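Chemist: These are the residues of each chain, in order.
Protein chains: 2
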Amino acid sequence: MSGKQTQDELSAVDPSRRKFLGTTAMAGLAGTGAVLGLTACGAPAPAQGDKSAPAAAASAENGKYEVAPGKLDAYYLISSGGHSGEARVLGCPSGRTIKRIPVFNIDPMVGWGITNESRAIIGTRPDGQLNYWTGDTHHVHGSYNNGTYDGKYFWVNDKLNARVARIRGDTFETDKIVELPNVQGQHGLFPDKRDPVDASINHTTRVFAGAEFHTPLPNDGRDKESPEKYGCLFTCVDALSMEVRWQCRIDGNMDLIATSYDGKYAASDQYNTEGGVHYEDMMSAEQDACVFFNIARIEQAIAAGKSTTIGNSKVPVVDGRKEANPDPKTSLTCYVPVPKNPHGVNASPDGKYFICSGKLSPTCTVIDLALIDQWFNGELAKPRDAVVAEPNVGLGPLHTAFDGRGNAYTTLFLDSKIAKWSVDGAIKQFKGDASAKVILDTIDVQYQPGHGFTSMGETNQPDGQFFNSGNKFSKDRFLPVGPLHVETEQLIDISGEKMKLIHDHSAYSEPHDGIIVRADIIKTRQIYDLDEFPNAVKTKEDSTIERNGNKVHIKLISQAPAFSMREFTVKKGDIVTITLTNHDKVEDLTHGFGIPKYNISFIVNPLETKSVTFVADKPGVFWCYCLHFCHALHLEMRSRLIVEG
Amino acid sequence: MSGKQTQDELSAVDPSRRKFLGTTAMAGLAGTGAVLGLTACGAPAPAQGDKSAPAAAASAENGKYEVAPGKLDAYYLISSGGHSGEARVLGCPSGRTIKRIPVFNIDPMVGWGITNESRAIIGTRPDGQLNYWTGDTHHVHGSYNNGTYDGKYFWVNDKLNARVARIRGDTFETDKIVELPNVQGQHGLFPDKRDPVDASINHTTRVFAGAEFHTPLPNDGRDKESPEKYGCLFTCVDALSMEVRWQCRIDGNMDLIATSYDGKYAASDQYNTEGGVHYEDMMSAEQDACVFFNIARIEQAIAAGKSTTIGNSKVPVVDGRKEANPDPKTSLTCYVPVPKNPHGVNASPDGKYFICSGKLSPTCTVIDLALIDQWFNGELAKPRDAVVAEPNVGLGPLHTAFDGRGNAYTTLFLDSKIAKWSVDGAIKQFKGDASAKVILDTIDVQYQPGHGFTSMGETNQPDGQFFNSGNKFSKDRFLPVGPLHVETEQLIDISGEKMKLIHDHSAYSEPHDGIIVRADIIKTRQIYDLDEFPNAVKTKEDSTIERNGNKVHIKLISQAPAFSMREFTVKKGDIVTITLTNHDKVEDLTHGFGIPKYNISFIVNPLETKSVTFVADKPGVFWCYCLHFCHALHLEMRSRLIVEG
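Residue numbers (the numbering used here), protein chains in the order written: chain H, 1 to 645; chain G, 1 to 645.
If you are wondering where the hints come from, they were derived from the structure by calculation, not from laboratory data. As the structure is a prediction and not an experimental result, all values here were calculated from the model. A couple of the hints might just be wrong.
Sample of chain H residues at the chain G side, in silico, Cβ under 8 Å [unchecked claim]:
hint : residue
1    : Gly85
2    : His278
3    : Met282
4    : Ala285
5    : Lys472
6    : Leu530
7    : Phe533
8    : Val570
9    : Lys571
10   : Ser601
11   : Phe614
12   : Val621
Quick reminder that beta carbons are idealized off the backbone N, C-alpha and C, glycines included.
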């Protein structure tokens, strides 16, 4: 292969560290379990952190990036939260968590999974239990307008239970969750950036999701012992209704997803195109692929009725497998071979390239979207010809981000480094220009970076200020807190020639992907409107108790420092619904509502309404109290629920 | 009352702000709902935060307190988490959250509430559901040895469901939870510091808990309409076994708790000694009390059989009500009158005083413990004579902390300030010395502070470095994220004459109390030992599938990048237990285990064993995968659960 940087060239950056990590890692990868040692033990022993009070400033640079008391952050950093099941909003550069957004988890703080309204969004079983209270969020992406964020929505995946959730940008609350049919391991997720056909639609209307785990289709007990019959579906969700529009069956499985700025393509990196069920089999082939989806053609095929359905699902499914698509000029998909077991795929902000990061290969693969156009037009001999560069960037490349100045930043998991490289340089080198400068800088991170992303780097307005490195091992970077370590998010200033490490932020496991959004783009509301809630208790006169058989509806108002009724009596066995409207209209004046021993805990924000339903199965007196500090008489704010035996 | 600072004297500190807030607030408190306005609207409009990129350094001081990358914090800050149900460990001064400790909540990240082991700690109902997945943690305190923290244990209360939980200091994991019988609103909590009788026991052996809500005793449906028959219990939990040792019934209810350094006393501030059920009634009396518990006498009474039991509980209960204790020389309790509706009570680090913060009174009440001794010996005319100072510190005093140099720091909720005052000065003033200097400094905080605590300030080793102000409203201090605001923890340098605001940290609602512990005191373990877990899968040979009727036990080992079995087959309807032992012994090498569609998510830290049990009710193929990034082949680390239909 042409265009590869030599090992020596790379070693020049930091020879001793490279030597220590590099060869061992590659050797390990050829084996079965030996890599492990590298991952966990192989990083060079870092300088021991100091326990000194207060910690001394390390350099004259200190404080330059500090967000002083009373100052606001310049960016929102919106992040996934791994198997915590939540998403998060942080300030950048401060790293302060401004909001945890409960999505797939239960959160008694806000009452997520407890209120009737949130339970309806999550979904319940016939016995009233939630469908799930687990989830595994990996990727958060925002809605686009004209190639950049419009701040309206954010979407996040659940890899564990194959769901996609939507978060409103004005309230930072989850408003929809959809479970994808016939999908397991819903990993990659990306909204489209404009419509592939209608040029007037220059904003997000679709969200794409990729299945990582291949299963029998349908997965109802058939074909379970025949992995060769397993398959994966690529799913299109309607961004507005959050209903599943269509699915496309492919060869192999899918990892991350990228979408093009012109709306034509979504693509997903693939590992395990072998369809293996053991990890050795999953890395046996020398090449996997990046599969491109021709959105317009898929939707034309569906409009033309060229679809089937799977199992009980009514979602139309088209066949995007190679065998079903022999002619590029009508093909729904294009499989571009890339070195084996790639991980991330990212769209360059100039709209020209998708870049696949090699993971088990020390390379990044640059795919030219204009050449993908040519292939689908029958004008390119083979998909691999769309590759215009494949630079050697270091060991374990996972994700690539951009600064808008033509440079790419790739996280190197095994090297524990970030490599800054020139996309144009790599293309020149690939064409044979031995003098082309590709690697421009590297910086050590602590340790083993996964996702990396830059400020506004996934829009057409990248500003080249910050790179966030989400590191999978923190080891000695924070005070020890027992066997479970926090993760490290390291913020790097990329505004100059050399990358500069600014802060080590901590992150509850596991942050994966995130985006850094300019603060002016997000427009939030700080209070609700009574009329938004059909069940709002609008006046004191509406605050009543209604009984219908053994169903009792208690309609309450909160206004500091009291609830509108000081006591309410029900009978043992009653099915009780409490609806609570917060009539305090002052920003930040949230009330809580807790019922001791009844496992009820939720909040109502200013002018918000929420409700809970429970069976009054315990007789006695239960002090319903305000959970959320509201007032000098907050502790006195409570009412008696009296359950007659 | 002598010894009060005049309004003018206080106004001198910051006349305009004081004028704006002060008189309105007091007027409001005399009314019913008008305080609300003050709380939410009354704070002066702060300077608007800047959205500038990157945020400019505000002053030359910037960076002085920054914990640079690679440096460790000097202190652990261990905090409650309000109705999130969790506790937290932060680094101080950086404010970085190093660990969230699930306690009363469900956390799919670690599997808390999902694994059999955690479910046993939380407790389950006959139908297999958890007893609770809500909780309201307010106060965290650590175990003592020789008057300072020994780092072994931390305890935290659940106000919502009346529980006390213990967290191990070596792993920062919850290991015991006990529900207190006949208690509602378990609010205040404090461990003792030494034994009141056995001088050789100079460490924590008891944890005290106060009930805030008075209910019928027992609360099983009787006496529910007769609030005059309601009562509250003060509870003693055994620090080691976590079983309830005894309870003491009192007049009125309880708020916060303090314990003396000599082990003799626990005390609780009381509001609503009126026994009111509406907030107006709860603030009708001009005085409430601080109730002191004579621990040795209570335990002697129990040893002498002078106890009863309540309802189904077998816990011995003694009567600490005034009427039952007419003679100070045998009394179990001492009720010291303090101005109405006090909030916090804190022990000065010199062991001499308990200080009650007035809340609705602008005063702090200093109680001399030597005089409490005298009262219990029949040598003091009346409990109120134990008060040696009652300085006017500002509006809405809630909690008081100490620097070890004789100064107290009181949070002023209504004034949105911290007042630094001299305890000796206040005592002199109370004695009539008009020249005594009491208020030494005040600082504005943003906004409405609740708990305040200092580095090592609740030990006999206070170091006077930092004060943390936990503020209940953040308003404009962070980027807006919708109607629900994050809370603000402000860190203040108290090492000099003047207090200095260092950082605004963010905190998920609601942090209440916390402690700041010197880093060298905490000794954690970074890996487990296989032998700690009776159900450990110790060798590859032990990794088997055992069937007993419809019960199937799958014994697994994780070792990156694979689980010991690549597939395991069960039948639909089987009750499946999966036990997973992590054989990776390298620090920070945690694995996760998720089963799609089966709502199973948990982690195993190095050499740890956990198990889950579920009914295999869905046929098909389910890819159990590693949830916690572990290795370059992490994504490939998965095994097939095959459920035959």
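Chemist: Does each hint fit the structure? Answer for all of them.
Modeler: To see whether the hints hold, each was checked on the structure:
no.	hint	verdict
1	Gly85	holds, 5 Å
2	His278	holds, 5 Å
3	Met282	holds, 5 Å
4	Ala285	violated, 13 Å
5	Lys472	holds, 4 Å
6	Leu530	violated, 13 Å
7	Phe533	violated, 13 Å
8	Val570	violated, 12 Å
9	Lys571	violated, 11 Å
10	Ser601	holds, 4 Å
11	Phe614	violated, 12 Å
12	Val621	holds, 5 Å
The earlier numbered hints that this structure contradicts are 4, 6, 7, 8, 9, 11.
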